[in-house]
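Mind docking chains U, C, D, P, S and Y with the ligands on chain A? Use the hints.
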Amino acid sequence: MMNEIAVMLFTPLIAGILAWIINVKGIRETIGVLGALVPFALLVKEYSTVVNNLYNPPTYQLTVSGFNITFKLGTLNWYFAAVASLVGVAMAFGMISTSRNSYDWLFAMMSYTGVLGVFLSWDFVSFFLLWELMTFASFMMVLKRNRHESLKYFVLSVIGAYAMLLAIALIYAKTGALNFDDIRHAMYLDAIMGGMSKSETILIFALFLTAFGVKAGAWPLHVWAPGAYSENDQSYTAFFSGALSKAGAYGFLLLYILMMVKLYYVMGPFHGHLTFAYIIAWIGAITVVVASFLAVLQEDIRKLFAYSSIGQVGYILLAFGVGTWMGFAGGLFHVLSHAVFKGLFWLVTAAIILQTGKTRFEDFGGLAEKMPITFAMSLIAVLSLAGIPPMAGFASKWLIYEAAIQAHMPLVAGAIFLGSALAFAYVVRFLYAVWFGQRPSDLEDVQEAPLPLLIGMAILAIPNVVFGVAPGLVTKYINKVLSYMLFLFGERKVDVSIVTGSYYKLVTPTGTYNALTVTLMLVVGLAIAGLIYIYGAKARRIPVTNTYQSGNPVTEDYNLSIRRNFYRPLAEALEFWLKYSFDRFYERLAGIAEDFADWLREGFYNGNVQAYSWYLAIVLLILALWGVL
Amino acid sequence: MNGQYASLLIALPLISAFFVPLIKGLGRKAVMGYLVLITAIQTGIAGWVFSEVYSTGKPIIVMAGGWKPPVGINLYIGHFAALFVLIVAIVSFFMAIFSYKAVTVEPIDKYAMLFLLLMLGATGMIATGDIFNLFVFMEITSITAYALTAYNKTGEAAEASMKYIVLGGIGSSFFLIGVALIYGATGTLNMGHIAQLAGTMNATAAQVGLALVIFGLAVEAELFPLNAWAPDAYQAAPHPITAMFSAFVVKAGLYAMARLIYILQNANGWSDILKLVIALATLTVVVAEFSALRQRDVKRMIAYSSISQVGMIAFALALGTQAGISAGVFHMVNHAIVKALLFLTVGYVGITLGGTKIENFAGLGKRMPLTALTLTIGSLAAVGIPLFNIFWSKVRILLAGVEAGYSWSVALILGASVVEAVYYLRLIHTMWFVGNGERIRENFAIGVIAIFLAALIVVIGIYPNDLWTLVQKAGQDIFNVANYISHVPLMGVGS
Amino acid sequence: MVSLLKRSLAIISILIIGYWLAQGLAGVPFGQDKMLVGHYYLQHVKEQTGAVNAVTAIVVNYRGFDTLGEVTVLFIASTGVGALLWRKKRERTAKTEGSVVLTTGVELLFPFIVMFGSYIFIHGHLTPGGGFPGGATIATAFLLLYMAFISYEIPHRLFENLEGIAGMSYVLVGLIGLAIGGYFLFDWIWQTWHWGTSNLGRLFSGGFIPVIYTIIGIKVGTELSGIVDNMLKEEVGE
Amino acid sequence: MSLPSISVYYFGAISLVLIGLYGVLVKKNLMKILISLSIMETGVNLLLISIGYVSGKSAPILSEGIGPAQAVDPIPQALVLTAIVIGVATTALALSTAMIIYEKYGTLNIEEIRRLRG
Amino acid sequence: MNALAALGEALVLIGTFFYFLSALGLIRMPDVYNRMQTSTKSATLGSLGVLVGTGLWAVGDGLSWAWFVKATVIAVFLLLTNPISAHALIRAAYKSGIPLWQGSVVDKYREHIEAKASPGAAESESTEEGGEE
Amino acid sequence: MEEASNVSRYLYTLIVLFLIWLALTASLDPQELTFGLILSAIVAAITYPIFTTRGLANLHPKRVTYAIAYVPYFLWAMIMANLDVAYRVLHPKKPIRPGVVHCKTVLKTNPGKLSLANSITLTPGTITLDVDGDDYFIHWIWVPDEVLSAKSEEEHVERASENITRPFEKFLKVIFG
Amino acid sequence: MIGIGVYLALIAIATLLSMYRFMVGPTTPDRLVAVDIMTTITTGLMVLFALYYRRMIFLDVALVYAILAFGGVIAFARYMEGGL
Ligand code: NA
Ligand code: NA
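Protein chains in written order, with UniProt numbering: chain A, 1 to 629; chain U, 1 to 495; chain C, 1 to 238; chain D, 1 to 118; chain P, 1 to 133; chain S, 1 to 177; chain Y, 1 to 84.
Next up, chain A with everything else stripped away, as it sits in the complex (with noise of 0.2 Å):
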């Protein structure tokens, strides 16, 4: 059993460097997707021990450099390792038609890997040590492509991680412990106690916040994930986004898990919420917001799936931090839609990408009668996203949303809405604009994408309808995860039902949804349009181009259509908030620091030697101050 788990960790960090080694065409592809496949197929066999044992998870420990390692796979840590393995698992195969260097093999796996070992691990030293692995290896794909976004992407990183780090320390440095379980415990003793001061509790809570957001994309240490998910293999991104960034959402849950009740005795109650918890909703609803509003902005649809994948992870920390069990089970959904239908974007754009060479919008057109089936999987993608039944999207979003009206978060709940309308019109521009109207010329020759890709797509275009139409099957699961941190809470062990009702029917005690209707419905309503498309009317075809000018005159420079600019007047609206761009804010601190630096080093270090003896009587003065006084 133990040894299962150090399988299901470095198979795919072995795969990645024999990958590299071996660095032939054929070979190298098929080790990365076994490599990919054998960690997930191990979760799937692990199912059935995980969740009867579920309150005496599998475990693995060993010793490394007088450390205790331990991995643990909890119903907790097996739903996120299971997303993470199905996303990696379509990327390898979406890899195999994007990339053709051993290099991305190795790196893509390395952060397979690590992303894996976070979601197993039971203490901070291992959980740091593959979170950097993650973290090193999501670097090396972002710097081959692109040395600047891949820079900020380092630094941000490096700052999370140097955060966490002190966090961790200062946990240490009052719990003494390292693992996860003498953490909680202590940290729960410690609330009584009150050994830890106000001032170090909220620093530690800052850190983790600083280091968890940027992982997560969060506002605003979000800065890096736009140029890091478009500047890149994109089957990488659907991992990156999908699965990746899914840790940074992880470690909030973690952040409740071991330090909730210090937390709270700490920070004490806001309106009725927990105030920590009142912050990362918070800090969720704002991402989403920004974050769906600079989606409608983009003109090149890398970017946009960017700043869409940065909106929604914000949904999940939304979720979590509502900080009812009806928010962890939405945000814990979330974590799985999320990851399937923007993985499934994001290899769309990979097939997009790999077929036309274009990434701009006013380079696409009617795409969909030279690609249908990734036409057909972007629909699905597109549904999920914005949140229609009968998709996963729409349950976990519609979870998300009954949990923030329950527990009375009115504006949160504003910002799930905003979202989602925001959302949507990101992606009919998406739908249209690629798939529809009239096709460049240079888009004639334009091929279905490779069947390897397409099988990446199909693995993650499953589960959106699947899990769509049968949310209860992720439900049941989630209730077993919901009943573990219970566990992991209170060190109680009882059966958590939240979200009840059948497969196919969710019931919350604010409301139900049932897939099937819905689908029975929406499999009618389709039929019904299918129907008037086919008999109807014959519309009379004009060019899509100069339809739309919102009322201004068509000049060359202000020239609107659904291909360019198309939310231009929204972009003219928000001109003032523009301004205030985080990127440019950290951009200028950078240079603040760089000429800092410099000026340190030249007034300093300034070559004369009678003012380095100054230096030394002055450390003499001191000492002499010290001692006089």
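Bear in mind the hints are in silico, worked out from the structure with no lab data behind them. Since the model is a prediction, treat every value here as computed from it, not as a measurement. Be a bit skeptical, because a hint or two may be false.
Claimed, not checked - Computed from the model, here is a short list of chain Y residues facing chain C with C-beta under 8 Å:
| no. | residue |
| --- | --- |
| 1 | Ile57 |
| 2 | Asp60 |
| 3 | Ile67 |
| 4 | Gly82 |
| 5 | Gly83 |
All C-beta atoms in this analysis are idealised placements derived from N, C-alpha and C, irrespective of residue type, glycine included.
Chains U, C, D, P, S and Y with the ligands in isolation, oriented as in the chain A frame:
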């Protein structure tokens, strides 16, 4: 074999240095080969001493002249000294090989002598158990360092050496005043004896003496703002010597500082001094990292990086806890390996491509792939990337620092480490993603050393357990003063 | 203006530092007997080392390691100066010859000074002398030769070899101690051979002190002369 | 805060040290700085010697009627011998360095000897 | 206290007086050449007195004759070296271009140096002088 | 001025050095004597080539006698010189009339010239400024009228030499000549 | 016995005067002459101290000092004369 034979650690480099004039007529190759041979033998002796100390678990006390301390001077080769003397010897051995390629400036016989004496000085500083003898070995080390800094005889080299001399001179003068005060207050110079008597010292004399001794050593240990000489000296010295400076010369100063701090822990004003060292060490890290950020000369950049790491070690050593010292020693070992590798590779690039400016490193991944790879491993390790050795010691230092209540220092150090990550990344990027060039045949011996060091970095990074166990013993050696005193065979003197 | 400010700051600083040092020194009052190990030396120096001069006994015997280091320091200086001032071709810098008064005076004084230098280092265990002042005295003799004659140069190879051999001899004497007595720098002449025990206070006593001082004297003499030689030469074109 | 009462020897020694330090801090000429360093060293040596002095006692050479009870502390004297030699060595090396600097820079003004900086 | 000691002490007194005189000359004389004239001689004789006097005094006080011998050795050394250093110093002063005191009446050395510096010119100059006579 | 044999020169140096040793140690302890002899032998071997040219001939009884006799003569001159100094220094008007005069010597050997120069330096009002071959240039604190009034160079040299070098030369000629 | 005070006083005055000349100069040879005189006086002083402490061994120190001082003065003189 009799433990007294550990005195060969001192005797061998000395007699070998004195022998050089007699073989200088045989030419450059002979002298360089001789240098390699002697450092190899020294490594052997150090290895024997190391295994002796670690297998018996007891320090070797070398009593010069057969006099028991405090009447005679003793060497105290405990767990720390045994470990570090070995490191000194190994690094010297590697750098002797490197010198064969790297040092062409005449007079080579003088270079060999100074090289051996630099090794001797650091060995003595680490091994000695007498505070004035420490001063002597410190001067041997620093005067050799002055000479070697200026060895290239360029204006810059002389300038760097001059700065080193002036600052080192002030430092050693005040150190000696401190020694005089401590001697005046205790009547003895033996460290164990001083530790015994520290509590009975006159309070003001102890306070001033302690402060001055630490001040003097802090100059050698490159603590801000007493380290202004260091970047110049590192930059100007011949490449192998720079590696030695960073790998063990500064470590000897750090160790001496730590040793004296704990020896005098019963002295008046002790905790104040500790706080001051912590403050200076933190500033050292911050200032050095920022100074390295926009540095165009890679050798100088790594020099600043070295200073910052040294600041981190000083921070750990001054925490006043067992955990801190063990972490500090751990970092000393790791840093020695990493900086030896970095200066070796950077120096090799310098002599092969005509300089150590960042421009020289463009396209290095294509021109000298092995050098570039090992340099990359060293850089990643220096940044503290997990699975490389420095990560573990850095984590240990941070844990110990926060545990000792210096969270803000740790936060500052971490903040500065972000800067470090950036400039190393720039270097790595330049090597692999900027520029192009002809493939150059890389030197075999240097390649082997570089690979060995890089492998060591990775092996320790992946499996740090054994080293950690080892350095904990070494840390114990510094921290547990009662134990130290009990091992020094002090004879009763006085009425 | 800046200079004035700098001076004032310097003065204020050194006054404060001085005050602090004085405070510390007040803790070890002048003229008081602060000896601990010192008493031991004074009481046992004669029987344990055969030296009358306690300082010498400490320098060479009790704290021999320091002296070995001290010899090394001077060796480093000589080597370092040699390394730094090394040029392909060098000549003496002096342009005018000394008058006959100086040259003849130096010629006559030279043997006397060498003799006296030897006297100093050989009597180290009996008088305040020793290898270092003795060597310095001998080096002064060579310095005078340099001063008087513009083309004088020491025999370089001989001196360098002598320097090396002397240094090696010192270490060898120490190693013989290690072999015979089990300790590095062990005074085997006095403690194992008991040579000169009846001569306490006379020349042939003091164990290995006169031997080591002779070595040091030769070493210091050649080293300082070498330093002088290096300093008084400049590079000349080929 | 009262003025510490120290002997004139200590005072002289400290004064030399401080004069040396002053010189290093204000003199622009490298040679003067090196001389200042030497003055400092001299002061330190004097201080060392003074530490070992015992009122009314003689040099620790146990001849001419001086016994162990009549001698001053021999240790500082032994130390000073070493310290002096170290000082000489440092000075010799410093002078060589200064010679190279003068040769390469054509000046001994330390404000102009700063090619290495930053 | 015996005669020898008394003699010695007297010599010491005389010696120190000459020390004083030597330093006084150093102050009162107008230029470096004349300062050397007065101070060298007095300092040497003063040393002679102090050293030999001390030796005698010691012997008179019951210390060994070695005192006298050693003191005399030092005295002889000074007697030999002081004029040499005085000579070296005055030559250095002259060669480094320090002019004679304005009241000086003759400078044969300058003529000698100039004649040596340009042998031809010296030749013609001397013949010219000869011609005048 | 003929050079003596090496043996003679060596022996002479050895003897002088041993005498110096005796003076330095001021002891007749056999240990000192033994070592002194060995040391003298070694140092003499190194230094005799520059120490002497005439070797044992220096020890000719006549020379030794003159040398011994020269001591009181010279000491007397020196005491006179100092009284002269005392007069000039203490006199309120500082009676000086300095100048550099030119003398010649009959001495041929270097040791002779050295002794003469030193003797001049230590005696009344004169310091040897430079020696060039046979020419002595003397700084004189009170140049007498007779020298100043000399008509020719030869006369100047003659009168100056009469005053300055001659008194010593009669001894030194024998001792070093 | 007149007492050591008188000699010391005379020597002290002499040293101070020489020191004055050393400080004032005005030329470098002036200072050198002052140094020369001071070293000579110091040698005598050392011998006097030897007698005061009744330690003959100090006479050796005086001679070493005299030799080193002579070497130093000659070196400076030759330096003034036109370089070493
Ligand atoms: Na004189
Ligand atoms: Na003199």
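For each hint, the structure was consulted:
1. Below 8 Å, beta-carbon pairs count as interface contacts, and Ile57(Y) has one with chain C at about 4 Å; its hint therefore holds.
2. Among the interface hints, the one on Asp60(Y) holds; its C-beta lies about 5 Å from the nearest C-beta in chain C, closer than the 8 Å criterion.
3. For the restraint placing Ile67(Y) at the interface with chain C, the shortest Cβ-Cβ distance is roughly 6 Å, inside the 8 Å limit, so the hint holds.
4. Satisfaction of the interface hint for Gly82(Y) is found here, the shortest Cβ-Cβ separation to chain C being roughly 5 Å, below the 8 Å cut-off.
5. This hint holds: Gly83(Y) has a C-beta 6 Å from the nearest C-beta of chain C, less than the 8 Å allowed.
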